[in-house]
Amino acid sequence: MEQYLFYILAAAMLIATVFAITEKHPVHAIVYLVTSFFALAAIFYLLAAPMIAAFEVIIYAGAVMVLFLFVIMMLDLGHPEKAARPGIGHWLPAMVLGVVIAAAAVTAITLRTTTAPATRVIGIKEFSVALFQRYGVAIEIISMQLLFAVVGALYLGRKR
Amino acid sequence: MDMLQFPANIAAAAGVNFAAIMPEVILSVIAMALLLVNVFINSEQKAYLGYLSLIGIVVTFFSVVSGWGAPQSGFNNSVLQDNFSLFFKGTFLVSAFLTILITDQYLKREECNWGEIYPLILFATVGMMLMASGTDLMTIFLGLEVLSVSLYVLAGFNRANLKSNEAGLKYFLLGAFSTGFLLYGMALIYGSTGTTRVAAIASYISQNGMVLSNPMLVAGMLLMAVGFSFKIAAAPFHMWTPDVYEGAPTPMTAFMSVGPKAAGFAAFLRVFIVALPAMKADWSELLWVLAVLTMTVGNITALKQTNIKRMLAYSSIAHAGYVLVGFTAGNAVGTAGVLFYMLSYAFMNIGAFAIIVLVGRKGEENNNVSDYAGFGFKHPVLGMCMSIFLFSLAGIPPAAGFIGKFYLFSGAIQAGYVWLAIIGVLNSAASVYYYLRVMVFMYMKDPTEEFDWLAVSPSLALCLLLSVAGVLIPGIVPGTLLDLAQKAILM
Numbered sequence: 001m002e003q004y005l006f007y008i009l010a011a012a013m014l015i016a017t018v019f020a021i022t023e024k025h026p027v028h029a030i031v032y033l034v035t036s037f038f039a040l041a042a043i044f045y046l047l048a049a050p051m052i053a054a055f056e057v058i059i060y061a062g063a064v065m066v067l068f069l070f071v072i073m074m075l076d077l078g079h080p081e082k083a084a085r086p087g088i089g090h091w092l093p094a095m096v097l098g099v100v101i102a103a104a105a106v107t108a109i110t111l112r113t114t115t116a117p118a119t120r121v122i123g124i125k126e127f128s129v130a131l132f133q134r135y136g137v138a139i140e141i142i143s144m145q146l147l148f149a150v151v152g153a154l155y156l157g158r159k160r
Numbered sequence: 161m162d163m164l165q166f167p168a169n170i171a172a173a174a175g176v177n178f179a180a181i182m183p184e185v186i187l188s189v190i191a192m193a194l195l196l197v198n199v200f201i202n203s204e205q206k207a208y209l210g211y212l213s214l215i216g217i218v219v220t221f222f223s224v225v226s227g228w229g230a231p232q233s234g235f236n237n238s239v240l241q242d243n244f245s246l247f248f249k250g251t252f253l254v255s256a257f258l259t260i261l262i263t264d265q266y267l268k269r270e271e272c273n274w275g276e277i278y279p280l281i282l283f284a285t286v287g288m289m290l291m292a293s294g295t296d297l298m299t300i301f302l303g304l305e306v307l308s309v310s311l312y313v314l315a316g317f318n319r320a321n322l323k324s325n326e327a328g329l330k331y332f333l334l335g336a337f338s339t340g341f342l343l344y345g346m347a348l349i350y351g352s353t354g355t356t357r358v359a360a361i362a363s364y365i366s367q368n369g370m371v372l373s374n375p376m377l378v379a380g381m382l383l384m385a386v387g388f389s390f391k392i393a394a395a396p397f398h399m400w401t402p403d404v405y406e407g408a409p410t411p412m413t414a415f416m417s418v419g420p421k422a423a424g425f426a427a428f429l430r431v432f433i434v435a436l437p438a439m440k441a442d443w444s445e446l447l448w449v450l451a452v453l454t455m456t457v458g459n460i461t462a463l464k465q466t467n468i469k470r471m472l473a474y475s476s477i478a479h480a481g482y483v484l485v486g487f488t489a490g491n492a493v494g495t496a497g498v499l500f501y502m503l504s505y506a507f508m509n510i511g512a513f514a515i516i517v518l519v520g521r522k523g524e525e526n527n528n529v530s531d532y533a534g535f536g537f538k539h540p541v542l543g544m545c546m547s548i549f550l551f552s553l554a555g556i557p558p559a560a561g562f563i564g565k566f567y568l569f570s571g572a573i574q575a576g577y578v579w580l581a582i583i584g585v586l587n588s589a590a591s592v593y594y595y596l597r598v599m600v601f602m603y604m605k606d607p608t609e610e611f612d613w614l615a616v617s618p619s620l621a622l623c624l625l626l627s628v629a630g631v632l633i634p635g636i637v638p639g640t641l642l643d644l645a646q647k648a649i650l651m
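These protein sequence lines map, in sequence, to chains A and B. All the letters of the first sequence, read from the start, carry residue numbers 1 to 160 under my numbering. All the letters of the second sequence, read from the start, carry residue numbers 161 to 651 under my numbering.
Just chain B, same shape as in the assembly (with noise of 0.2 Å):
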């Protein structure tokens, strides 16, 4: 099965051609006319810049919906906008779509609200897409490194807040070392191979067999391997997740542990399927041992967690490692699982920390799992988005967290990795604790708090209202979705 193969059908454009960009020339335009506009309006009209940047996204939806089926590329094939990239852009809107209506009121309320966040938002968006469309080692790079620089200024955002300077400054420094990883890989790879270009790495390879006994080449693999799983916060990679997690602003947590991880995927799949199928073996094996350590990692250290932002931290560990037995698989149940699992995970992991920017207030976040003590009586509807957000989390049918396991686990057993998809089911059934706790304390405990400062502003509320319609839509009836991720890949 040939997957994320270069289309037949190409709008062939060896030069210059903007078709291939066009959701990144869009967003990246309105980018940098929201920074125009942030300069002449005053700090109770910041609100208006969230709006213009919607609407943004809308449109930019509409471009990456209309490419849809035309693949083009572009740029002497440096990028190339197919099937697989506009399903990860889209994945890329929505997470940005549901952190801008979540991002208002927690800025008002901390009192840092300051018009940059928006055009930032938008050009990390930018950068994630690069890193999907890329057929370049180069424009896979830049793009992280736009995404990268955009979000350790998000991370820090929150001046007046030590422990968002904290997560800055850390995820900065850490996020430069890992780029120094893939980079490293990335030149070792070119010096072996003489090219940049995925597919163009694939073929030299292919013609040149005896290059797969290069240590170079190995070590090349290993070295992008490492910067990938830092982005993707995956075992043993993972230790900056929980502390930048913890202390940047809870809509930037959220947009950075769904959007860059999605991207990071989307440039990992592209690099290794595309460029060293010839490995496949080698990468493999080694992804096997990633997956496993990632998912144990995640969930065992998610359950002593009592701060509920770091909790999902480790739980946001733990659903790389399941994405990961979907990339081990490496067959299309399992890659289109990837596909699929990242977009409902956007809206079920958005959707929850829509709920803990809710909870909290100012000067005190309330992110202790027992703060949530009778939330769910006093709070009934609030309660059930929430309790439907975490069952998709824990991978309970008729959520999408469900289908979505499923095809990842039935990939890795079709590849053959019984054992691989065992350990991932036993995990999960691990994590169902440390999710259903927060709902014991929800449900079954007294109200401490009246919670009584609550305020659900209509942009926060819409986004309850899709992350829920994203979660139990394509639970209950997957195969539109499914059908979309399957053609993403095999086109």
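This is chain A alone, in the form it adopts within the complex (with noise of 0.2 Å):
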């Protein structure tokens, strides 16, 4: 049943990329986008990850996916008569590219010899306190990070 599931899942996750890649239009783009970060979430709740599905939902097709529409509205590219489909000169580098990529990792899979370090399931109080605790100076890091871009971004963006 799972390894159905997970087929399943991983062909729609696939074919939604496809598209997301090939749509001319930006706004479909995106929710071809949407559509495979959700089948991906499944994928990780198939894992015995609901976090990471959590997460993969909240961040990837929760914030991440507004401020991509938001970046198009401000652009205003909504516009698919303006934009050129690539030509075969953009795509062939790109899909060597994509073979080298997928050939290095599938040998990378294959010819592991050694087994992962061991992994558990941490509950969201565990991440917590790792998150807070262990990883606090760095939490304090962005913190202040995103401070100073804020700062950066009004400066470029002031009328003059």
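For the record, the hints were derived by calculation from the structure and aren't laboratory data. If you're wondering where the values come from, they're calculated on a predicted model, not measured in any experiment. For each residue, glycine too, the CB sits at the ideal point set by N, CA and C. Among the hints, erroneous ones may be present.
If you want the footprint, here are the derived chain A segments under chain B, 3+ residues with CB under 8 Å [as the list claims (entries may be wrong)]:
1) 13 to 19
2) 48 to 55
3) 104 to 110
The following residues of chain A were derived to be distant from chain B, with all beta-carbon distances above 10 Å [unchecked claim]:
4) Tyr4
5) Tyr7
6) Ile30
7) Val31
8) Thr35
9) Ile59
10) Met65
11) Leu75
12) Asp76
13) Gly87
14) Pro93
15) Val100
16) Val121
17) Lys125
18) Ser128
19) Tyr155
Starting from the two chains in their separate frames, assemble the complex, guided by the hints.
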């Protein structure tokens, strides 16, 4: 049962991603991308990682996609007739590189001689403790970085 | 010879230990305070922000000096303030100090006198410090991000200037792309070893030797090398350098060519020497190729440049190559040479850019080498300063650049990389051509301009004075500084 579900979800994800790349209309492309993220979230759930599934939905399908849509609105890209479809000159190198990366990934997976370090399922509590204690200093750095990113963005975007 | 080992006499503190990040804390508090002050003062008073940030840097420098010899670790070993990171922190503070000294005059001239530049410079410095003291891949990555985000804004700081905008955008796009490589590499290393602590990665690999045959680990190492190579502007990942250096405001070019490069080397050294010593045979071969490519591409392209900022951009690529020679050697002499060289490079390069700031004027940057015709006669003292910086960049004694190169190359010879040292020396000889060409224009051509717009502000004079001292004193008596560099890596 789980296996069939996995293959269905994986196929849905792949197809949605291909459409997300080939679709001319950026808003449609984003809808395909969201579909792909949802399928990925379900796969994470199947792998007994419900938390990562939730993060996938909240962060990628939620926040990141809203950001994409926002940029498309702001830059007024919602006109497919303006966008030229990439020609063979763009497709060919992309496909060659894609094949290279796929081959490398397959080699990396099939040639691995070691088992991955032991993993276990952790709950949201354990995750939070690790996040705010073990990586406390990292959280502080990120919050300061956000502050200065805002300062920089405001400076560059301010009226002359 | 064990380098950069976890210090034995450490003041151990697993949890919160602010002593381990004291310089970072001081500097970021000052940066945030300056942001607040900036709101309340008018545009004539923005120079005060510069003075305040200079005071802040001096205070931070004292905290760095007082930490010397007393290593501190904290936050579950995600930061380690040892002598190695303190030496680099000193280098970053020196470069930020010299940069701020030349910033004010430039901003006034370009009529883009916004106070945000000083907090951003300080914050970029905080990022560099985190990169030097990070012993967790996560901290190193976040330090790099802090640094990069500030630099993207600084590169595009002159908003009215199209070239500056272009520089900011180009740096942002390529920088974000290269960060992806670095992060991918870190993720693969985490995936194959199960930890992000650099020391724990090394001990995992030494306990599970077969992990070395894991392609994931090798791919992780390669991707991280790509990410760091971008930050230090090593060929073939150097394409962004000339455009960004040319377009960015000149003081920011000076800053970018020195501080972030040193920070990139600090993190590069820490990760590769501490976390991946088991792969040293592999990565030193890789670095060998990178070093030769970087030196050669940088120098040969610099020969053809007529724009002095572009020329110094290619020269900074070449200098990354010389430093990579010392890194490739991987022994104590070469690595100490890296530290020594980055510090003296800060003095000579920012000094040269200070002169470039002076020669330019509003709307006319005078960046062409021919704009320097007769400069040495019209302004003998400034011409003399520029000559000292150029001699040092070319590696001619008694400047610090010569001593630095001497240690980098002798480290390579001691490690058996004789050919690498020979290629380095040949490259260094070729570089003399384009540095001396500026001097030929300065002293052997008749002046076409009166250079009457030149006004040396006190802060710029101080910058030149410090830079000349920083180039000549370690060049003539290198013992003290070299001793510090050796203590920094062997403690």
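How the hints compare with the structure:
1. 13 to 19: Answer violated; 0 residues pass the 8 Å Cβ test.
2. 48 to 55: violated (count 0)
3. 104 to 110: holds (count 3)
4. Tyr4: Per Cβ check, Tyr4 of chain A is outside 10 Å of chain B; nearest 28 Å; holds.
5. Tyr7: Answer for Tyr7 of chain A: holds, closest chain B Cβ roughly 24 Å.
6. Ile30: 20 Å, holds
7. Val31: Val31 of chain A is indeed farther than 10 Å from all Cβ atoms of chain B, at 25 Å.
8. Thr35: It holds; Thr35 of chain A is separated from chain B by about 24 Å at its closest Cβ, greater than 10 Å.
9. Ile59: 15 Å, holds
10. Met65: Given a closest Cβ separation of 19 Å, the condition holds.
11. Leu75: Answer for Leu75 of chain A: holds, closest chain B Cβ roughly 14 Å.
12. Asp76: Non-interface label on Asp76 of chain A holds, nearest chain B Cβ at 19 Å vs cutoff 10 Å.
13. Gly87: 22 Å, holds
14. Pro93: 16 Å, holds
15. Val100: Holds, because the least Cβ-Cβ distance between Val100 of chain A and chain B comes to about 12 Å, which exceeds 10 Å.
16. Val121: 15 Å, holds
17. Lys125: 18 Å, holds
18. Ser128: 15 Å, holds
19. Tyr155: 5 Å, violated
The structure fails to meet hints 1, 2, 19 from the earlier list, while all remaining hints are met.
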